[in-house]
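Engineer: Here's the letter readout for the chains.
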Amino acid sequence: MFKYILKRLLQSLLTLFIIATVVFFLMRLMPEEGYFGEKYDKMEPAQIEAELRAMGLRDPLPVQLFRYYGQLLKGDLGKSITVQPKKAIVNIIEKRAPYSIRFGLISVGISLCVGIPMGTVMALFKKRLPDKLGNMYIIFIHAVPAAVYYLFIQLYASGLFNLPILYNNRDPSSMWLPIISMSLGGTATYAMWTRRYVVDQMNKDYVKFARAKGVSERRITFGHMLRNALVPMAQNLPASILLTISGSIYIESLYSVPGMGNLLLSAISKQDNPLVQALVLIYSSLGIFGLLLGDLLMVICDPRIKLEREKENR
Amino acid sequence: MEEKEVILSVKDLNVIFDLRGQTLTAVRGISLDVYRGESLAIVGESGSGKSVFTKSFMGMLDKNGRVSGGEILYKGQDLAKFTTQKEWREIRGKEIAMVFQDPMTSLNPLKTVGKQICEAVMLHQGLRGREAKEKTIEYLSDVGITMPKLRYNQYPHEFSGGMRQRAVIATAMACNPEILICDEPTTALDVTIQAQIIELLRDMQKKYRLTIIYITHDLGVVAKVADRVAVMYAGDIVEVGTAYEVFYNARHPYTWALLSSLPQLGVKGEKLYSIEGTPPNLFMEIRGDAFAPRNPYALKIDYELRPPYFEVSPTHRVRSWLLDDRAPKVEPPATIRRMLERWKEVEAHE
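One line per chain: the protein sequences are A and B, in this order. When we follow my numbering, the leftmost residue of the first sequence carries the number 1, and every step to the right adds one. When we follow my numbering, the leftmost residue of the second sequence carries the number 315, and every step to the right adds one.
Bound-form chain B, shown alone (with noise of 0.2 Å):
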């Protein structure tokens, strides 16, 4: 691999929310670097943290949570020390932007799409007037909106949930981000736009050189676009590697059931499989391994102390006793073996 320059780092990270006079531990000891122009997934089941973990580096937090420890530092500045609305002003747009997972909500329905965009261009490039309406039509053009004169001076219920979706993305482009947030971008649209979307994502990564967060549980879509991919579970990264380490080379029992829990396209008559038990309260401490109890593998230290993360590659590491040198060896379970004998067939044939 050629040489990564770290645009972004995350080290021992720690996000709480305060609900009701209880402590709830969102974002557990995460640290992570991102790297100039790649593609991040955060993958994780629902309530996993990975909202939350990707909107501190905004300032996005809902008012009762905050970062309660670690260090987020871009460009020299550490972002989890921020506390007022203008130092993260000179970071929301500017240097991180956001695209939201429902293009239904995401626009201002009162106001002409072309407005909310130029309301960015103006913000952020400094045009004002006629050059920030030809800018704006320009970045409407370049999300594959056609008509776009037409289309600047319509409102958003006359877009169609795709072109929703691309005008968002529009206006995050008009901010002209270092880094891209996206949360969930296809969740909302029907499988033809979201194929298209991930497309255009791709196209604007490649033309304004652009480092992409993504946020999903879809592992079709983690697929299609990561060159890495960060699992999560109950607030904290368990497996970080390349897309194909983890994809081929899965090495945590969460993720193992994760890939499991994929339908798989030509077999038919096998049940879904689903991970049993419920994710751990997040309200309480957590002692040892968060998946331990839910995990089929799990050894009697899982129970007493939290793994530290094993090197599986440099890329590649995992936070599992079960990669200790000590720890019984173990295969991935059959399912897994066997999916991953379809895809190195299907991999062969193209």
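Isolated chain A (complex conformation) (with noise of 0.2 Å):
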């Protein structure tokens, strides 16, 4: 186990570098004005030089990238250019991951809780009214954009509840609106998968023997099946949580709040370059993370999956 779970962190590792050079170089493709925003124009050529070179963007590819690498060791991610000049990016997450964290883990936590039962009893009432209610809202949710239902929401759902329309540090019911924006996406998706794994154990074997040996339908059903139902769900679950807590781009800017993924549409809209670095690394690295945690979970949840080839003992 210890063997896998080093091997599994070396080669995400590995993963996250690759990962990181290929975004530094795609970062030296943009144009330079992205180093300077709107002054740019007011500049004299050899004054954009200067800076340029105080910036140590004109020293040579190599020199630069191991510099950055450097950086990254020491867990510098630079200084944000235009977003918030010369502030150090480590400082600017710091005050905006904790926005996203908890919209994400509280929206999360209501997709699951809802989702998962709402799966089951769709499986259990397959093809009668509570799965096709349940695969009416699955469908909308996944056919109809969710900029028309997020904005829908935002405008009815506030007049309707008399809730605030934007999002405001003070007023706790103002997270009310796009916590559930959020959790609509979250909810069918999980819905989607509990009810198409439950339905795939309903005509297992081992369910008929269950009953066959006596024992009853709820126990089949919670003891029995959704656990086994959930174990390839195992697999995806930490990547998408770790995805939604760190923050829904869209949702975050349509309430303005000061989460991390308004900060990404900020970093991009304003070309500050090494934000935009700095973000996209750490995006990744919370998918490479997840899917880590994915297959450990898996191997936790899952007796079969055996790690390493152990000695044949039989």
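Keep in mind that the hints were calculated from the coordinates and are not lab data. Small disclaimer: the values here were computed from a predicted structure and weren't measured. Don't take every hint at face value.
[Said to hold, decoys possible] Subject to a maximum C-alpha distance of 25 Å in a straight line, what follows is the list of computed SDA-like cross-link-like pairs (lysine to any residue):
1. B:K389 to B:N490
2. A:K208 to B:G475
3. A:K208 to B:K614
4. A:K204 to B:K389
5. B:K614 to B:E590
6. B:K425 to A:M1
7. B:K449 to B:H438
8. A:K127 to B:M374
9. A:K126 to B:E590
10. B:K377 to A:V207
11. A:K79 to A:K127
12. A:K204 to B:E590
13. A:K79 to A:L29
14. B:K408 to B:D456
Quick one: dock chain against chain with the hints and give me the complex.
Structural biologist: Okay, here's the thing in structure tokens:
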């Protein structure tokens, strides 16, 4: 087990290294005016050259690359240029991340608590009314562009329930709409997968055998089917949770939540190259970490998965 | 024969399935008594309704299937009238347990074997905690699983096929049933293991005074375990009698055909017998004798009227017009006669 985790960690680090490198080169392909923002138009070419040199951007590429690696190793993500000029990116993210994490955790919690029971009920009432209603919901959420119902919720639900249209720090009730909007998609996805996997289990022989030995339907559902159905979901769960807590770009900008998603949006629109670079790195490491966690969770849940080839002892 | 107590009595049972608007009659008016402590084998080809027939004793028919007529009398209750899961839970496991064909899929892959047997122990014997675990380990060693304490904590994938079937049987035993239905218990196993499992079932039968109903198409298994044999064709029992009567004095042409299709040890060069034609379409109403179109001995009346049971002996009854006094005398086919001679020879040697 330990050997396997170590191996997977090293693999993840390698992937991260490759991503960091690719991101670095992509950023060098961006036009240079991005490093100056609006004042670029008013600057003399000599002035531009001087500032670029001062930022180290005129050094040979390998030198820049290794300097960048060195900074990453020290945990230094560089300094913001246009979004919050001269401010260390680590500090910016430190301020923003808690918003995204709080919103994300609550909405993932809602998605799981609603989605999994919903999927189970749908499976148990397969092809009957609850299943049909659930499917309508899932298809609606997946087929209609999220922007449509996000806007709808923001415009109408705020009036209907007398809730604030935008997020503000002092009013906790302003968290409701963004959180509910965020959890709609997750709920649909979790319900869909739970239904699918529970239906898969329902026709298995072991379920019939459990019934034949006199086990109650409730115990079969919760003790046998649901547990087994959640195993294939275990693999994707951590990744999707981590991605949700890292912030929804669209919802954060819609409700002006000062989180990471909103930060990425303004970093891109203001061409804040180092900030974009840092955020892309963070998002991809969360993704990689999520996959790693998913694989480990799978191993814990399913005894049939062996990590390494053990010596045959039978 | 000593007096026999009827434990399960089926009277004129009909089972139908709704399939895409059509009605399939899987069991057509079967009457059969099962005696306490006996081994009854139900044989017949695939689709003859033998599984469906026994599943109806446990309320385990698929959702689109139901008993449409008749009675299943067990301990003074008519199981055919049961509708709720709650009623069935009083029967399932506790009274009638079942062993399925494929041990590879009968166990939950994500629970330890011990836990799964323990589930039955706790449910039906009212034991808890340590006691339940000890009892489970007892069952494991009972069914011939070595190192039961270690095996208790293992998962099904760590068991071989034969071992899993043993675990399945242990689970059924842990329910403490009166009747055990074994649905093709050895079909999915390789031949050397088959014999062991059959032996184990016989041991269990003796130890727990079980009534066992075997469902199989393997006549070899039948010969080895069965006290009585019921031959099913197209949802009906066409011949039933003691194993000796059905093997040595078969009277129904379908039973002859079944016996003829047994491969004979030491007979080479002869083509293996197979029954011409296909079983009838159970979506349609069957007129006369269901086997008539495939029966080389069919009489005119076979196409008109369903034959009643004719009693050959008090234990042996056959649904065929051939046994009517007015029917022409028909001898069993040559293959059967030769087979019987060979069996008698073998017996004389033993």
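Engineer: Does each hint hold? Answer for all of them.
Structural biologist: How the hints compare with the structure:
1. B:K389 to B:N490: holds, 16 Å
2. A:K208 to B:G475: Since the Cα atoms of K208 of chain A and G475 of chain B sit roughly 19 Å apart, the hinted pair holds (cutoff 25 Å).
3. A:K208 to B:K614: violated, 45 Å
4. A:K204 to B:K389: Violated - the C-alpha atoms of K389 of chain B and K204 of chain A are around 31 Å apart, more than 25 Å.
5. B:K614 to B:E590: holds, 19 Å
6. B:K425 to A:M1: holds, 20 Å
7. B:K449 to B:H438: holds, 12 Å
8. A:K127 to B:M374: holds, 20 Å
9. A:K126 to B:E590: violated, 42 Å
10. B:K377 to A:V207: holds, 14 Å
11. A:K79 to A:K127: Violated: K79 of chain A and K127 of chain A sit about 56 Å apart, past 25 Å.
12. A:K204 to B:E590: violated, 35 Å
13. A:K79 to A:L29: holds, 19 Å
14. B:K408 to B:D456: With a Cα-Cα distance of about 19 Å, the restraint between K408 of chain B and D456 of chain B holds, given a limit of 25 Å.
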